[in-house]
Amino acid sequence: MAQEVAPPEHRRLSDGIYWTQECLPLGTLSELERFDLEQWVEPDEEVHGCQNAYLFSDEQNLLFDTLTQPNSDHVVDLIDELLDGEELDYLVISHPEANHAGNTFTILEAYPDATLLVPGEAAGYGRGHSAEHELYHIADETPEDVEQVPNEIQYVEPGESIDLGTHTVEFEAPPFPDHSFTLWMSERTTNTLFTVDWLGFLHQSANCVSFASELDRDVATEQVFRFHALAFPWMRFADLDEIERAVDDVRETFDPDVIAPAHGMVMTEELDAYLDLFLEAAEALSREGEQANMESKLEYILRPPEVEQ
Amino acid sequence: MTTQLTDDVYWISSCHPDEQYHMHMSEYLIQGEEGTVLVDSGSSHYREEIVAEIDRLTDGDGPDVVLLTHSTLPHTENVPAFEDEWGEIETIAATGRFPEVVGLPGAKPRQLNRPVEFAGRPITCIHPLLTDVTVSQWAFDHDSGVLFTAEAFGHYHEPGVCTQTTDELANGFDDLHIDQFYRDKIPFVDYLDEDTLGAAFETMFNILDVSYVAPIHGNPVAREDIDDYLERVMEVIENPDPVLEA
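Sequence lines, in order, name chains A and B.
Residue 1297 is where the first sequence starts when you use the numbering used here, and the numbers rise one by one after that.
Residue 6 is where the second sequence starts when you use the numbering used here, and the numbers rise one by one after that.
No lab work stands behind these hints: they were computed from the structure.
Nothing false has been slipped in among the hints.
Pairs of lysine to aspartate or glutamate, EDC-like flavour, derived with a Cα cap of 20 Å:
id : chain 1 : residue 1 : chain 2 : residue 2
1  : B       : Lys113    : A       : Glu1327
2  : A       : Lys1593   : B       : Asp200
3  : A       : Lys1593   : B       : Asp214
4  : A       : Lys1593   : A       : Glu1579
5  : A       : Lys1593   : B       : Asp198
6  : A       : Lys1593   : B       : Glu207
7  : B       : Lys113    : A       : Glu1300
Same shape as in the complex, but just chain B:
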């Protein structure tokens, strides 16, 4: 399923159902004037539908660049299949050295902390403020204002809202969806200091003019919902007793 986020950024999502919730496995396609950049490669579980959707969006050409925010499996495992489908693709790993160690022998190492043009599109990659693995990066697309955040900013969702951005959710965020996601995916959440992490987030969003925060595992978070989302995450960090068990 594809949802248009901005003029030229598309959200391609697959939904993974659990006993209670759905969880997104998402990729994002930037259709720049000079080429296309696919952010993340999705899961092999949904390989056929992902390939078909990218093929449709790129008129059969495939992406010019694959930019990975998360160089760990399963987030990388469609890259070889993409090259089988569309030929060699410039792939950027979320690691500064030895992409072969993370299973991406043909990828280029990342370059952090300055704008780099991918298919003519200036994108700045930074160390994540919050991540579950070291081989990850966040990427800010300067033209669209979309910030791609890998595992961070994730949350589960109910069936029926799979293609909605957070500003389209009739009832807003469900706190339990955020709470449960962090307790499942970010196992060090109780070790974090909400004041220092919260201040870092505040600084970053004061500097960047973000239109959407685009996670792998959640509905994209619209600009007006970012503060609410972060407030909920900070409550998860501050509260050692899971709300879901209250």
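Just chain A, same shape as in the assembly:
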């Protein structure tokens, strides 16, 4: 079955905040026979991954991430529609991966007065190496000479904030880092935490762009597990005490009312339950990295009978 990235859908998250979502159809149960999906998907039902971007319509307008290049023809029209013809003032890139930043230069070309904000400091201990070089190159249509791009480009650090009018966004160091340049973002008025790659989950095709509380069935650990197995492969070898400490950090430091991930549904109610669900998924994921499992898996993969060592 041909699989294509779906055109973006959108909905209002709260006054002046829009959630845009493009879905990636991953197939049906029969096509995903390696997955154990019976808990949460019907045999003839499609499983979706997704990419989210969030748009603030305020005295100043801000877009957080860009959706992906297959939707480059749609993304500017969507922004125009939601901003009702107003200009975009800020484009924020959570991290320089193509699935978050792939339409950067398409959007900057459409809004030459918009300021591009990109993470300036690696999430690890150091400042990162060659940050400037890497961050400028975030789309395969990157202009030959990025110095000619008229937009202002600024690096942002955790702790910096932008007053948009009604809303104030602040950039946050991610308690769950993946790419070394990832920045989370929070919004003070609505107490929303934008967690980028963390706390996403796969969903059923009937449930696109729905709040987690609106889904037609409960979120299963399997959905959360499968997503984090893809997005955070290091969690197979994680120290679970460190994972729990980071979740506690989210609860205590941020204590959000809304969690808005880049690859899952927006969570507006019972957030502790989703954090607990993540901990269950992380524990299951760590079992995959246990020695006995890795030994049998690597033996099976790497010593096939047809290849002589």
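Given chain A, work out where chain B should sit, using these hints.
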């Protein structure tokens, strides 16, 4: 700069200087009997010298296959330039689905966990044991024994040793180069459990007869240095206080 690693595997490296260290941006060219496989595409920052070097090594033909261990920018951004130079090239993305989402609309999705012939060369791609992004893979070239590991096995280096493999380094590894690299590039290093990750590495290297581990950002690690390198990485994981600040 090109260094011959094995009979038919070549290390093409560019050095990116920092205030303190150099960091490699490397690609590797496999010159098989039936064709050439370029592992990774390098950075656009060094596009002209990379194209010139590949052109020289392939007698102007360019690679038959580009196999990407890291389908994220900047590691993919030379692919369109290569096709402008040498025509359409079979490109393998480090993602199982939707290569267009990672900016590679003309690439093929990867096939993991079994040998696949690229230009007649059997190569097995696997999920990395250690990676900074999900769209990455490790690739083992069965004929040469070279294991290509994307961001993992990286380390900085001092000027003057840019083209040396680790067995040629007069003073061996500099622990700080490994320590600093992991703290810069692998931001989740403190979340890892050194026992389970170390056991997985040990299992893999017991199974595979690896001649060199070939990272994007470091001098290739020779067989005899792999244990030392991993021991240092495990110390970085175990020690929550960066050695470099001690």
